[in-house]
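Same order as they appear, the protein sequences are chains A and B. The first sequence begins at 1 in the UniProt record's numbering and counts up one residue at a time. The second sequence begins at 1 in the UniProt record's numbering and counts up one residue at a time.
These are computed hints drawn from the structure, not numbers from a lab. Treat the hints loosely; a few may be bogus.
In silico SDA-like cross-links for lysine to any residue, where the CA-CA straight-line distance does not exceed 25 Å [stated by the list, open to error]:
#, chain 1, residue 1, chain 2, residue 2
1, A, 57, B, 212
2, A, 162, B, 140
3, A, 162, B, 137
4, A, 57, B, 167
5, A, 57, A, 126
6, A, 162, B, 135
7, A, 87, B, 140
8, A, 87, B, 141
9, B, 210, B, 71
10, A, 162, B, 210
11, B, 203, B, 303
12, A, 162, B, 138
13, B, 217, B, 161
14, A, 162, A, 127
15, B, 203, B, 57
16, A, 57, B, 155
17, A, 57, B, 203
18, A, 57, B, 140
19, A, 57, B, 61
20, B, 217, B, 140
21, A, 162, B, 123
22, A, 57, B, 303
23, A, 162, B, 12
24, A, 57, B, 71
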Amino acid sequence: MTQNDGQRFDRLPPTPDEREVEGRASREEVVDWWDERFGVPSETFEDVTFWEKGSGKIWAFSANLPSPVEVEGLGITVLRTRQEHWKPTTTGVKRFGQEATENVIDLGPGEAAAFAAGHDQQIGRWDGDWGYLIAAHELAGEREPIGVGLYLHGELRSRIPKGYQEELAVLD
Amino acid sequence: MNPLDRYERLVDDVEAFRDACDRPLPSVVRVNELRATPERVRAAFAEEGVTYEQVDWNDRLFRLPDGSPGTSWPYVHGWLHGQEEVSALPALALDPDPGDRVWDACAAPGSKTCHLADLMDNSGVLIGNDNNLGRLSALRHNAERLGVSNLVVTNDDARNFTTDNLGVDSLDGVAGRSPAASRTQFDGAVADVPCSCEGTCRKNPDVLEKWSMGHVKGLVGIQKGVLRRAIDLTRPGGDVVYSTCTFAPEENEAVVDHAIRTTDAEMVEWDAPLETAPGITEWEDQTFDESLQKAHRVYPHQNDTGGFFVAKLRVGGAESDATGDADETTEVEA
Numbered sequence: 001m002t003q004n005d006g007q008r009f010d011r012l013p014p015t016p017d018e019r020e021v022e023g024r025a026s027r028e029e030v031v032d033w034w035d036e037r038f039g040v041p042s043e044t045f046e047d048v049t050f051w052e053k054g055s056g057k058i059w060a061f062s063a064n065l066p067s068p069v070e071v072e073g074l075g076i077t078v079l080r081t082r083q084e085h086w087k088p089t090t091t092g093v094k095r096f097g098q099e100a101t102e103n104v105i106d107l108g109p110g111e112a113a114a115f116a117a118g119h120d121q122q123i124g125r126w127d128g129d130w131g132y133l134i135a136a137h138e139l140a141g142e143r144e145p146i147g148v149g150l151y152l153h154g155e156l157r158s159r160i161p162k163g164y165q166e167e168l169a170v171l172d
Numbered sequence: 001m002n003p004l005d006r007y008e009r010l011v012d013d014v015e016a017f018r019d020a021c022d023r024p025l026p027s028v029v030r031v032n033e034l035r036a037t038p039e040r041v042r043a044a045f046a047e048e049g050v051t052y053e054q055v056d057w058n059d060r061l062f063r064l065p066d067g068s069p070g071t072s073w074p075y076v077h078g079w080l081h082g083q084e085e086v087s088a089l090p091a092l093a094l095d096p097d098p099g100d101r102v103w104d105a106c107a108a109p110g111s112k113t114c115h116l117a118d119l120m121d122n123s124g125v126l127i128g129n130d131n132n133l134g135r136l137s138a139l140r141h142n143a144e145r146l147g148v149s150n151l152v153v154t155n156d157d158a159r160n161f162t163t164d165n166l167g168v169d170s171l172d173g174v175a176g177r178s179p180a181a182s183r184t185q186f187d188g189a190v191a192d193v194p195c196s197c198e199g200t201c202r203k204n205p206d207v208l209e210k211w212s213m214g215h216v217k218g219l220v221g222i223q224k225g226v227l228r229r230a231i232d233l234t235r236p237g238g239d240v241v242y243s244t245c246t247f248a249p250e251e252n253e254a255v256v257d258h259a260i261r262t263t264d265a266e267m268v269e270w271d272a273p274l275e276t277a278p279g280i281t282e283w284e285d286q287t288f289d290e291s292l293q294k295a296h297r298v299y300p301h302q303n304d305t306g307g308f309f310v311a312k313l314r315v316g317g318a319e320s321d322a323t324g325d326a327d328e329t330t331e332v333e334a
């Protein structure tokens, strides 16, 4: 096993058995994780390749390149691994969370506005899993993911990064 | 001197031109169809009570008379990107297909790059390059926000750009890829080059005060180099779009004229969707190829926009097969 080089993009190995870098997630585990956690079907990622750059940060790219590759960006960040509970990124749930069927918490208008502004809030009605959820609301007739929330002890903590937080209108 | 004085002889209505240049620009957003349709955006605007006007020449552009686009639900969801109307022209002119391999030579901060990704339906490969590392963070931020996942971001001098380190030739299997394309070449490229930016005077009036002929002359060498590289990296039959936000013929027609005299690329017709003036063929003591009339000059008073210049060239000549299908004799082994 070799150590992770955080300065370049390395494609994830297809399966855990093909792992060559210590602690690196495999493609299979990433695809399974999105399916198990959020019900996002594995076909969603058929044309997507996954890459690690930095420690545990996973990027999704719509094509393929020979690995490793030293560039400034490759697709979008989707997931943080190398920690006990993998954490989806805001970008990841916006890009792939539309197909989620599990662990999606639907927020009312006031809750959605508070969540987008970065506020934590008590939401007692949730009886699903604790941990990272996709927070969504309804806009223009359909459900739309807003971002990632961490649900613990009856509280939904907004994980919207500071740069994305906005004070928005409470929709009627 | 105010550089706009130089262009009074080029415009049809001097007073309207100067008046428009003095007015601030309306705030405009482009619908990111990777995320939402224009219909859904309109429905969301109605739900939220956002006032908007549809731009009359493109149903994916909306003017927001109340100002900043940054604080609405559709914006936060990445359905919208704030950009000037004219900055939609390069991607529309190139009109890439899903599955194409496209190079954006001077990509940051990424409005045009993300528009290209939208037209490519997030497929194929889009390389967004910029030599300015600081500005690349804006490109990456915009691509993340809009969900652009077919983008490779590179930090090189566009004039010497190469795909050698990327192994892009391994992408032959990309869906929809033309068999006639060389393994090391792009299907299309955009050279939206650094320029003296007079066309942005409605947004940044400072550009007029800072303008100097010395600066223009310094830029021309870079502009010629970037356009040359874009032509060299594009397959025969592929298109290169050259654009600037300046009115200066030295940075526009003269640069394209140089390219068509020194390479096998030729100007091709492109039917611009808004009111434009044709490229010019004479300026001071210089004359340019007649085909430069196929280029488009956008003056602020014509459509109440910023100023812009856009030229579309075809590598291997105007009659070269744009689809890249069929003619296998054009294939170049890498």
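Outcome of the hint check:
{"no.": "1", "hint": "57/A x 212/B", "in the structure": "46 Å, violated"}
{"no.": "2", "hint": "162/A x 140/B", "in the structure": "16 Å, holds"}
{"no.": "3", "hint": "162/A x 137/B", "in the structure": "16 Å, holds"}
{"no.": "4", "hint": "57/A x 167/B", "in the structure": "23 Å, holds"}
{"no.": "5", "hint": "57/A x 126/A", "in the structure": "29 Å, violated"}
{"no.": "6", "hint": "162/A x 135/B", "in the structure": "20 Å, holds"}
{"no.": "7", "hint": "87/A x 140/B", "in the structure": "20 Å, holds"}
{"no.": "8", "hint": "87/A x 141/B", "in the structure": "19 Å, holds"}
{"no.": "9", "hint": "210/B x 71/B", "in the structure": "33 Å, violated"}
{"no.": "10", "hint": "162/A x 210/B", "in the structure": "35 Å, violated"}
{"no.": "11", "hint": "203/B x 303/B", "in the structure": "16 Å, holds"}
{"no.": "12", "hint": "162/A x 138/B", "in the structure": "16 Å, holds"}
{"no.": "13", "hint": "217/B x 161/B", "in the structure": "22 Å, holds"}
{"no.": "14", "hint": "162/A x 127/A", "in the structure": "28 Å, violated"}
{"no.": "15", "hint": "203/B x 57/B", "in the structure": "21 Å, holds"}
{"no.": "16", "hint": "57/A x 155/B", "in the structure": "21 Å, holds"}
{"no.": "17", "hint": "57/A x 203/B", "in the structure": "38 Å, violated"}
{"no.": "18", "hint": "57/A x 140/B", "in the structure": "15 Å, holds"}
{"no.": "19", "hint": "57/A x 61/B", "in the structure": "35 Å, violated"}
{"no.": "20", "hint": "217/B x 140/B", "in the structure": "31 Å, violated"}
{"no.": "21", "hint": "162/A x 123/B", "in the structure": "30 Å, violated"}
{"no.": "22", "hint": "57/A x 303/B", "in the structure": "45 Å, violated"}
{"no.": "23", "hint": "162/A x 12/B", "in the structure": "49 Å, violated"}
{"no.": "24", "hint": "57/A x 71/B", "in the structure": "29 Å, violated"}
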